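A.B. asks: Since the structure of chain A is provided, determine the placement of chain B on it from the hints.
Top to bottom, those sequences are chains A and B.
In terms of our numbering, the first sequence is residues 1 to 78.
In terms of our numbering, the second sequence is residues 1 to 377.
By construction, these hints were calculated from the structure, which means they are not laboratory data.
On a predicted model such as this, the values are computed, not experimentally measured, just so you know.
Among the hints, a few may not be true.
Unchecked claim - Only pairs whose alpha carbons sit at most 27 angstroms apart, straight line, appear in this in silico DSS-like list of lysine-lysine:
(1) B/LYS326 / A/LYS43
(2) B/LYS228 / B/LYS147
(3) B/LYS228 / A/LYS28
(4) B/LYS138 / B/LYS326
(5) B/LYS147 / B/LYS181
(6) B/LYS135 / B/LYS228
(7) B/LYS138 / B/LYS174
(8) A/LYS43 / B/LYS352
(9) A/LYS55 / A/LYS76
(10) B/LYS147 / B/LYS135
(11) B/LYS201 / B/LYS147
(12) B/LYS28 / A/LYS55
(13) B/LYS181 / B/LYS228
(14) B/LYS181 / B/LYS335
(15) B/LYS138 / B/LYS28
(16) B/LYS97 / B/LYS2
(17) A/LYS55 / B/LYS326
(18) B/LYS221 / A/LYS78
(19) A/LYS55 / B/LYS352
(20) B/LYS174 / B/LYS147
(21) B/LYS138 / A/LYS28
(22) B/LYS174 / B/LYS335
(23) B/LYS362 / B/LYS174
(24) B/LYS2 / B/LYS28
(25) A/LYS28 / A/LYS43
(26) A/LYS55 / B/LYS221
(27) B/LYS352 / B/LYS201
(28) B/LYS2 / B/LYS138
(29) A/LYS28 / A/LYS76
(30) B/LYS138 / A/LYS43
(31) A/LYS55 / A/LYS78
(32) B/LYS147 / A/LYS76
(33) B/LYS228 / B/LYS174
(34) B/LYS2 / A/LYS78
(35) B/LYS201 / B/LYS138
(36) B/LYS356 / B/LYS335
Claimed, not checked - Part of the chain B face toward chain A, derived, beta carbon under 8 angstroms:
(37) GLY191
(38) PRO348
(39) PRO349
Even for Gly, the Cβ is constructed at its ideal location relative to N, Cα and C.
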Amino acid sequence: MNDENVTVVDARGSFCPGPLMELIARMKEIEVGDTLELLSSDKGSAADVPEWVNKVGHEMVSNEEKDGIWHIRVRKAK
Amino acid sequence: MKILIVGGGMGGTILANNLARRLHNELKNGKAKITMLSASDRHMYQPGLLYVAVGRMTPDELYRDQASLLEPEIEFHVDPVEEFDLDNNKVKSQSGKTYDYDIIAIATGSRIYPEGIPGLAEHAEYFYTEESAVKMFKRLREFEGGKVVIAVGVPHKCPMAPLEITFMLHDYFKERGILDKTQLHYTYPIGRTHSLENVAKWATPEFERLGITYETLFNMKEVDGDNKVLRSEEGTECNYDLLITIPAHKGMEVIEQNGLGSSGWIPTDRHRLNMEGRENVFVLGDTTNLPISKAGSTAHFEADALAENIAAMAKIGVPVRDYDGKVFCFIEAGKDRATYAMFNYQNPPDPKAPTKAVHWFKMAYNKLYWASARGLL
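Chain A extracted, bound-state conformation (with noise of 0.2 angstroms):
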């Protein structure tokens, strides 16, 4: 995999506003066709970012746990 255009967004132990929102702020910021990596601590990240980017519209990449981090990678779509 191309790692040039990842950026990581590490929301680790974040409660609040929470991995998925951390994400979606991001997604803002980057490029079409660039992805996101989104650390996460939440195991509910591996379900919920999922439903999210099939909703609006974006692209899952890979969905991997290790050590207890979710390792989500999302292309932006739109």
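C.D. replies: Using the frame of chain A, we list chain B on its own:
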């Protein structure tokens, strides 16, 4: 040691006063100096704007002279910074003066950015400035019923504000006797009614009990003011008669213009609160890019930790503790009931059912704030 504090809001003011007390002897014998540069000679209690919007406070109650809040040893100038030269430990201000430092703390805050959503600034009411809060109240007074939509931008200051304004509007319309002619419709960007899961578990049944409808996964895209329609990024839309918004926020332009952080948020170490890659540059309050609430409470607890650390650096050369992500937020649940949420990086909040006692404590804190700003609470 020269300590320069940029910004005279809650974070900067608490930090300056707390530091002045900790470094009393060093300031007296000339071994330390604290300078604050701010954009205003007045200090606003920003949470009070919520009450202004529903006619329960007036703007004059929200201000004090900034100089009156500061310990006398602090050198204070109304002279906002325009250029940060972090490589050479100096800044240039609006007046053209240069200030050098050994340690700098940046607490310039955030600003509303309704312009990011087409039509929002022109057609929605909001309460994040004195002018807009007064305008919103005047609009509410003229309102005689219809559909009121609450829409929330991301990121925003004060994560409790969307819920608080909704519950307070409910009670405002009830007191005016027009609740039966009014539909309150709450929208929220993520898949539940609040970021904090335990707060959402409390708020959702409250909405249902009060007849407030809600729609989640709703991020504003544009406002069609002619047809009174709000459209979302998710492809849905809702009609409104009165649109109330918690607008998205950005950091201050000077931060972006100086290349210190995207959207005006400075990359900050979550425990030490130093700017990433800079050992003598600290950041607090809304200005950080940390994934925690943009709220006065956050700035307050960060300032407490930073003051302890900077004072220790002046005295023994090293900081003494980490910031643990502590935040404490009151949650107004209407005109006479409130609860609160307290949490940090490790522990989520567990809010209790709202009570009148917590509401009155919040009312008391609205006055006690000035003791907080002075670094006494």
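A.B. asks: Taking the closest Cβ pair, is B/PRO349 under 8 angstroms from chain A?
C.D. replies: holds (7 angstroms)
A.B. asks: For a C-alpha distance cap of 27 angstroms, please report whether A/LYS55 and B/LYS221 respect it.
C.D. replies: Roughly 14 angstroms between the alpha carbons, so the hint for A/LYS55 and B/LYS221 holds.
A.B. asks: Decide if the proposed pair is consistent with the structure: A/LYS55 and A/LYS78, CA atoms, cutoff 27 angstroms inclusive.
C.D. replies: Cα-Cα ~13 angstroms, so holds.
A.B. asks: Does the alpha-carbon distance linking B/LYS228 and B/LYS174 stay inside the 27 angstroms limit?
C.D. replies: holds (24 angstroms)
A.B. asks: Mind checking the alpha carbons of A/LYS43 and B/LYS352 for me, to see if they're no more than 27 angstroms apart?
C.D. replies: holds (24 angstroms)
A.B. asks: Has the given pair, B/LYS97 with B/LYS2, been kept, meaning a C-alpha gap of at most 27 angstroms?
C.D. replies: With a Cα-Cα distance of about 16 angstroms, the restraint between B/LYS97 and B/LYS2 holds, given a limit of 27 angstroms.
A.B. asks: Do the alpha carbons of B/LYS147 and A/LYS76 lie within 27 angstroms of each other, as the hint requires?
C.D. replies: violated (33 angstroms)
A.B. asks: Can the restraint linking B/LYS138 and A/LYS43 be considered satisfied, given a maximum Cα separation of 27 angstroms?
C.D. replies: Status violated; Cα separation ~44 angstroms.
A.B. asks: Checking one constraint from the list: CA of B/LYS181 to CA of B/LYS335, max 27 angstroms. Satisfied?
C.D. replies: holds (20 angstroms)
A.B. asks: Below or equal to 27 angstroms on CA atoms is what counts here, so check A/LYS28 against A/LYS43.
C.D. replies: holds (24 angstroms)
A.B. asks: Under the criterion that the straight-line Cα-Cα distance not exceed 27 angstroms, is the pair B/LYS174, B/LYS147 satisfied?
C.D. replies: Between B/LYS174 and B/LYS147 the Cα gap is close to 14 angstroms, so the pair holds against 27 angstroms.
A.B. asks: Regarding the pair A/LYS55 and A/LYS76, is the alpha-carbon distance no greater than 27 angstroms?
C.D. replies: holds (13 angstroms)
When each numbered hint is compared with the structure, violations occur for hints 4, 12, 15, 17, 19, 21, 28, 30, 32, 34, 35.
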